[in-house]
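From just these sequences and the hints, can you work out the full model?
Listed here are the chains, written in short residue letters.
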Amino acid sequence: MSHLATYVGLADHSEQTLASALRSVAEGHAEEADVFHTCHLLAGWSEEHRRRLAPVVERYGEEDVEEPERLHHDGLAQVRSGPVGLLRDLQELYVLGAMVETTWTVVIQGAQGLRDTDLLEVATSCSTQTARQLSWFNTRMKVAAPQALIVAR
Amino acid sequence: MTDRIADLHGVRTPHPRATVWPARVDQYLDDGLGEGDVDRWVQSACLLCSNGCGCDIAVKDGRMVGVRGRAGDVVNHGRLGPKGLYGSTPWASSPDRVTRPLVREDGRLVETDWETAMARVVERSRSSLEERGPLTHGFYTSGQLFLEEYYLQAVIGKAGIGTPHMDGDTRLCTATSAAAFKESFGADGQPGSYTDIEHCDAIFLYGHNMAETQTVLWARVLDRTRADDPPRVVCVDPRRTLVAQEAERTGGVHLRPRVGTNLALMNGLTRELFANGWVDEAWVDAHTLGRDELEETVAAYTPEHVAEICGVPADDLRRAARIFGESQAVLSTVLQGFYQSHQATAASVAVHNLHLLRGMIGRPGAGVLQMNGQPTAQNNRECGADGDLTGFRNWDNPAHVRELADAWNVDPMTIPHWSPPTHAMQIFSYAASGSIDFLWISATNPAVSMPESARIRNILSSDDCFVVVQDLFLTETAELADVVLPAAGWGEKTGCFTNVNRTVHLSEKAVDPPGEARSDYEIFLMYADLMGFTDKDGAPLVRWRRPEEAFESFCSVTRGRPIDYTGLSYEKLRGPTGIPWPVNEAHPEGTDRLYADGVFPTDTEVCETFGHDLVTGAVVTEQEHRAMRPDGRAFLKGAPYSPPHEEPSDDFPMLFTTGRTVFQFHTRTKTGRSSSLDDAAPDAWAEISPVDAERLGIDEGDWVHVTSPRGGIEVRARVGQVIEGAVFAPFHYGRWDPRGVADAEHRLANELTMTVWDPVSKQPYFKTAACRVTRLRGGDGPAPAPTTTASPATDLAPTVGGAETSSRVLDVTPAYPLDPAGGS
Ligand code: SF4
Numbered sequence: 001m002s003h004l005a006t007y008v009g010l011a012d013h014s015e016q017t018l019a020s021a022l023r024s025v026a027e028g029h030a031e032e033a034d035v036f037h038t039c040h041l042l043a044g045w046s047e048e049h050r051r052r053l054a055p056v057v058e059r060y061g062e063e064d065v066e067e068p069e070r071l072h073h074d075g076l077a078q079v080r081s082g083p084v085g086l087l088r089d090l091q092e093l094y095v096l097g098a099m100v101e102t103t104w105t106v107v108i109q110g111a112q113g114l115r116d117t118d119l120l121e122v123a124t125s126c127s128t129q130t131a132r133q134l135s136w137f138n139t140r141m142k143v144a145a146p147q148a149l150i151v152a153r
Numbered sequence: 001m002t003d004r005i006a007d008l009h010g011v012r013t014p015h016p017r018a019t020v021w022p023a024r025v026d027q028y029l030d031d032g033l034g035e036g037d038v039d040r041w042v043q044s045a046c047l048l049c050s051n052g053c054g055c056d057i058a059v060k061d062g063r064m065v066g067v068r069g070r071a072g073d074v075v076n077h078g079r080l081g082p083k084g085l086y087g088s089t090p091w092a093s094s095p096d097r098v099t100r101p102l103v104r105e106d107g108r109l110v111e112t113d114w115e116t117a118m119a120r121v122v123e124r125s126r127s128s129l130e131e132r133g134p135l136t137h138g139f140y141t142s143g144q145l146f147l148e149e150y151y152l153q154a155v156i157g158k159a160g161i162g163t164p165h166m167d168g169d170t171r172l173c174t175a176t177s178a179a180a181f182k183e184s185f186g187a188d189g190q191p192g193s194y195t196d197i198e199h200c201d202a203i204f205l206y207g208h209n210m211a212e213t214q215t216v217l218w219a220r221v222l223d224r225t226r227a228d229d230p231p232r233v234v235c236v237d238p239r240r241t242l243v244a245q246e247a248e249r250t251g252g253v254h255l256r257p258r259v260g261t262n263l264a265l266m267n268g269l270t271r272e273l274f275a276n277g278w279v280d281e282a283w284v285d286a287h288t289l290g291r292d293e294l295e296e297t298v299a300a301y302t303p304e305h306v307a308e309i310c311g312v313p314a315d316d317l318r319r320a321a322r323i324f325g326e327s328q329a330v331l332s333t334v335l336q337g338f339y340q341s342h343q344a345t346a347a348s349v350a351v352h353n354l355h356l357l358r359g360m361i362g363r364p365g366a367g368v369l370q371m372n373g374q375p376t377a378q379n380n381r382e383c384g385a386d387g388d389l390t391g392f393r394n395w396d397n398p399a400h401v402r403e404l405a406d407a408w409n410v411d412p413m414t415i416p417h418w419s420p421p422t423h424a425m426q427i428f429s430y431a432a433s434g435s436i437d438f439l440w441i442s443a444t445n446p447a448v449s450m451p452e453s454a455r456i457r458n459i460l461s462s463d464d465c466f467v468v469v470q471d472l473f474l475t476e477t478a479e480l481a482d483v484v485l486p487a488a489g490w491g492e493k494t495g496c497f498t499n500v501n502r503t504v505h506l507s508e509k510a511v512d513p514p515g516e517a518r519s520d521y522e523i524f525l526m527y528a529d530l531m532g533f534t535d536k537d538g539a540p541l542v543r544w545r546r547p548e549e550a551f552e553s554f555c556s557v558t559r560g561r562p563i564d565y566t567g568l569s570y571e572k573l574r575g576p577t578g579i580p581w582p583v584n585e586a587h588p589e590g591t592d593r594l595y596a597d598g599v600f601p602t603d604t605e606v607c608e609t610f611g612h613d614l615v616t617g618a619v620v621t622e623q624e625h626r627a628m629r630p631d632g633r634a635f636l637k638g639a640p641y642s643p644p645h646e647e648p649s650d651d652f653p654m655l656f657t658t659g660r661t662v663f664q665f666h667t668r669t670k671t672g673r674s675s676s677l678d679d680a681a682p683d684a685w686a687e688i689s690p691v692d693a694e695r696l697g698i699d700e701g702d703w704v705h706v707t708s709p710r711g712g713i714e715v716r717a718r719v720g721q722v723i724e725g726a727v728f729a730p731f732h733y734g735r736w737d738p739r740g741v742a743d744a745e746h747r748l749a750n751e752l753t754m755t756v757w758d759p760v761s762k763q764p765y766f767k768t769a770a771c772r773v774t775r776l777r778g779g780d781g782p783a784p785a786p787t788t789t790a791s792p793a794t795d796l797a798p799t800v801g802g803a804e805t806s807s808r809v810l811d812v813t814p815a816y817p818l819d820p821a822g823g824s
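From first to last, the protein sequence lines stand for chains A and B. For the first sequence, my numbering assigns the number 1 to the initial residue and increments by one for each residue that follows. For the second sequence, my numbering assigns the number 1 to the initial residue and increments by one for each residue that follows.
You may find that some hints are simply not true.
What the hints assert, rightly or not - Simulated restraints on C-beta separations:
# : chain 1 : residue 1 : chain 2 : residue 2 : range
1 : A       : Ser-81    : B       : His-587   : 54 to 62 Å
2 : B       : His-705   : A       : Pro-55    : 47 to 55 Å
3 : A       : Gly-113   : B       : His-305   : 48 to 56 Å
For the record, the hints were derived by calculation from the structure and aren't laboratory data. As the structure is a prediction and not an experimental result, all values here were calculated from the model. We treat Cβ as the ideally placed atom computed from N, Cα and C, and that holds for glycine.
Following this line, the structure appears as structure tokens:
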């Protein structure tokens with residue numbers, strides 16, 4: 001049980017990290033109107049995921065991670081500026097998002113094993129939304145890349 | 001003799017359901033001229049709204065002196081509206097046409113010759129391409145050019161330069177129409193037909209004030225609603241428009257959702273279909289995908305919940321849903337109230353969903369008309385000057401890109417297709433940040449028409465970006481350009497254009513353009529020649545000279561696509577009527593409606609897009625699309641409602657929304673130069689509700705200051721019938737004025753609007769901004785708003801005063817080849 005609690009905790013933390021990173025990217029690149037609005041929207045999704053997870057956290061407790069954390073993900077301490085900066089920030093959002101998504105994958109497996117239908121429901125629907133966040137990061141990066149790499153001043 | 005300012009829609013010709021719309025020929029000739037004075041009539045179609053009415057241009061002594069409707073044309077059966085009658089020709093001989101090229105010298109525009117002007121353009125274009133490559137180039141075009149001109153522009157941009165930065169002001173008017181079609185049906189293209197009006201038993205107008213935006217089409221509707229067996233009309237609009245009044249009159253409903261809440265309303269209507277068992281399950285099963293997910297998405301939107309969000313009474317919503325659910329053939333039309341508002345694509349797609357759930361598509365009367373704002377917006381989409389790939393091809397499908405590369409004999413790598421085409425707002429944002437430094441604007445006036453005007457003016461006037469503008473007049477945008485090229489307009493050049501209803505018309509040259517003005521086609525051709533663009537084998541990329549050759553080339557690249565022009569030619573279009581595509585061997589006379597067989601172009605190899613997430617705009621990948629196995633089935637796609645980006649606050653407690661008035665078109669470039677039209681709507685105004693007027697101490701005609709966090713306008717107040725808490729302002733009015741009114745600096749509605757757009761269609765939102773209204777001082781009479789349209793104030797004299805026109809109902813209705821009701 002304690003290992004599932006670890007992952008429930010990880011889901012909670014990583015969603016929190018993603019949400020705050022999204023808010024910083026939104027504000028840091030506010031001159032890109034779609035980035036500003038979409039990042040705030042997606043941050044709202046991550047915050048909603050945490051709210052939905054809260055009763056589960058309550059039930060399982062949030063165990064401290066025993067495994068050493070090798071991939072540090074403190075979120076985006078500082079947002080970069082300019083077109084290439086946007087590209088890098090989107091890329092890091094993608095990495096954070098992938099961390100969230102794989103965490104949900106693991107939680108889904110645990111919930112299935114335990115036949116915890118409530119958790120399964122929460123984790124599945126959050127995971128689906130995380131995948132949509134990743135798709136947007138990817139789409140927006142593809143759009144931004146050529147201009148940023150080749151002609152940005 | 002008729003004053004068509006006073007009588008917008010002209011004399012009624014009511015007729016029973018499923019019979020042909022009678023013909024009526026409308027005509028206008030300049031003051032003092034009779035039919036006998038006309039030297040010749042030249043075939044064309046009206047270019048002042050997306051309706052595309054067939055008409056002939058009257059020519060006398062080398063001047064265009066009037067117009068008359070074409071009785072045999074399927075679009076208008078001879079009718080013309082006030083804009084077409086009064087606005088088609090006067091601009092052409094206006095003394096302030098730009099007749100020579102202009103270049104900027106020491107900060108001022110000075111006249112020069114074509115060689116000098118083009119040399120500057122080419123020199124700057126070359127140096128930019130050499131230094132930093134094709135991504136420095138942006139093209140921003142119009143919804144008012146001809147097909148040949150868009151196609152040439154697309155070939156130059158995609159295969160000559162290789163830039164993905166091409167778009168049109170169609171992004172501001174039509175992008176959502178195209179996006180919604182692609183998301184639901186797999187490809188662009190209007191599924192229904194205007195003939196649906198004759199066959200439906202209910203008409204739903206979503207954010208579409210048809211009585212003002214397409215007057216001739218509204219006359220067609222009135223001829224049904226004023227007959228003995230009228231369809232019921234349902235109107236979704238925050239203003240009590242003529243459409244809303246007709247809804248009440250026919251026993252339909254007027255739904256007035258709060259600005260920015262359309263999707264919640266649509267989700268409510270959709271839920272009612274499921275909850276009441278009005279879904280044609282067998283049809284849905286055979287022809288669609290996504291039914292269950294949609295039901296889940298809309299489950300929470302009970303009429304009571306919708307009432308809370310939208311302010312629409314729950315019973316009104318139920319009533320509207322019942323009309324949709326119990327009718328046999330519903331026609332739906334959609335326009336800017338949806339397209340330029342929050343969650344635009346999702347709300348427009350929801351209209352398709354209703355039709356798909358009821359199996360109401362592909363048969364007479366059961367149609368969807370996702371309208372266009374501009375007359376040739378459709379061609380921009382078809383040709384790909386708006387960034388789409390020519391011939392409704394999918395940028396994400398290598399086979400589609402190769403087809404074009406083969407047709408133009410270039411390397412597929414030249415044609416940008418690594419990500420979705422750059423949309424207009426992004427083009428301007430690249431220009432703002434300096435990565436686009438060569439911007440070519442044709443036949444449009446973004447300084448007035450784009451959101452957040454102050455921002456756009458800064459971009460256009462910055463030294464970093466070289467701006468070329470080609471237009472008929474020195475518009476607010478042209479004034480900021482580095483080079484201004486004088487263009488020929490409608491009637492001064494030959495080309496084709498296609499209306500919102502897929503009907504292709506040929507518009508022949510009637511007169512010579514003034515001075516040294518040249519057609520946009522000739523200008524782009526000149527540029528291509530001077531730049532020396534070549535194909536893979538070193539031959540000139542653009543080998544055609546005459547527009548007709550460009551048309552033939554375009555027709556051939558549409559082969560095998562849902563939009564098929566291969567059966568069309570100039571010769572064929574010289575008949576009595578325009579012809580709706582597809583026109584090919586299987587449909588030699590054209591096609592009245594698409595999807596009659598319930599098969600949609602959604603197959604992975606065929607579709608124009610793999611689709612998007614309606615909420616975020618993330619693209620669906622090819623693998624994801626393939627896994628869904630759409631195989632010709634339409635998509636049912638839903639999304640939850642979310643609140644608009646800017647909500648009223650203490651500082652800005654009201655909602656600002658913009659729109660059209662019937663008598664003006666766009667930034668008044670043409671209509672402002674017609675005295676009949678300009679007298680009818682001479683200046684901007686702001687419409688507020690009586691309740692708000694009372695609260696703010698404002699009387700009809702008082703000067704008010706309307707401000708948003710971005711800017712403000714000072715105009716006179718119309719105490720009208722807009723919803724409480726909202727302010728409406730017409731968007732046509734910029735600084736230019738035909739008679740130099742004193743307040744012209746402070747009436748540009750887009751000073752207030754926001755830089756924000758729909759995630760899928762990338763259409764900017766003009767209808768959701770917060771604002772504040774304060775009274776400045778008393779006026780000297782009523783507001784300059786027309787009283788006969790959507791800004792009525794009950795106790796004011798009706799707007800009158802148009803020049804004389806004639807109107808003649810024909811005894812014998814001509815035969816219309818594709819009309820399901822036949823013809824004589
Ligand atoms: S309805 Fe549109 S196309 Fe027809 S005459 Fe009027 S402005 Fe022209």
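Each hint, compared with the structure:
For the hinted restraint 54 to 62 Å between Ser-81 of chain A and His-587 of chain B, the CB-CB distance of approximately 55 Å keeps it satisfied. At about 51 Å, the CB distance of His-705 of chain B to Pro-55 of chain A agrees with the hint of 47 to 55 Å. Taking 48 to 56 Å as the suggested C-beta distance range, the pair Gly-113 of chain A and His-305 of chain B does not conform, at roughly 37 Å.
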